[in-house]
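Novice: Sequence:
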Amino acid sequence: MFYALNWFVVVGLFMLWSLAAWALHSLAVWTVANAGVLSGGAGALGALQVPGWLAVWIPAEYASSLNAIAAYLAPVVQAVVDWAPSLAGGVLTAVWIVWAIGAVLLVLLGLLATGLIAVLRARAPASGSATNGLVAAR
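Under the working numbering, the residues of the sequence shown are numbered 48 to 185, in order.
No lab work stands behind these hints, which were simulated from the structure alone. Heads up, some of the hints might be wrong.
Restraint-style ranges between C-beta atoms, simulated for each label pair [what the hints assert, rightly or not]:
| id | residue 1 | residue 2 | range |
| --- | --- | --- | --- |
| 1 | L66 | V138 | 13 to 21 Å |
| 2 | I116 | M62 | 36 to 44 Å |
| 3 | L74 | W100 | 29 to 37 Å |
| 4 | V76 | R170 | 46 to 54 Å |
| 5 | S65 | L134 | 36 to 44 Å |
| 6 | S65 | E108 | 45 to 53 Å |
Glycine included, every Cβ here is placed at the ideal spot set by N, Cα and C.
Build the full structure now, drawing on both the sequences and the hints.
Specialist: Set out below in structure tokens:
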């Protein structure tokens, strides 16, 4: 029973791991496909301001520093967006390499747990052996 429970947990974790890798892969493909649309994102980042309802609750210096940070990061965002198509192949390959490493580690975890269950079952006294020994001694 413990063996089945062990492998049920491992397969469940493997399915979640695969789903996460697939979602990250899909997000990367979507980002690369829409890189041209995102190229206006850096300009929009420079125009980003602290909302009026939030500006009332924070000091003016803090709001102006947030605006300055957004303006400062605009060229960095633009550079990342420009590099997105060329980085796509590497990102997609990295996602699946990390998935494969995680999958191997999950299988090793399952094998380790199976071995641990086997060792613990071998060390546990059998329920009928203690009474049989007492009966045989009389």
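Novice: Confirm or reject each hint.
Specialist: Status of the hints after comparison with the structure:
The beta-carbon spacing between L66 and V138, approximately 18 Å, falls within the hinted interval of 13 to 21 Å. Separated by about 40 Å at the C-beta atoms, I116 and M62 satisfy the suggested range of 36 to 44 Å. Checked against the hint of 29 to 37 Å, the pair L74 and W100 passes, with Cβ atoms roughly 31 Å apart. A hinted range of 46 to 54 Å holds for the C-beta pair V76 and R170, which are about 50 Å apart.
Checked against the hint of 36 to 44 Å, the C-beta distance between S65 and L134 comes to roughly 23 Å, which is inconsistent with it. At roughly 48 Å, the beta carbons of S65 and E108 sit within the given window of 45 to 53 Å.
Comparing the model with each numbered hint stated earlier shows that hint 5 is the single one that does not hold.
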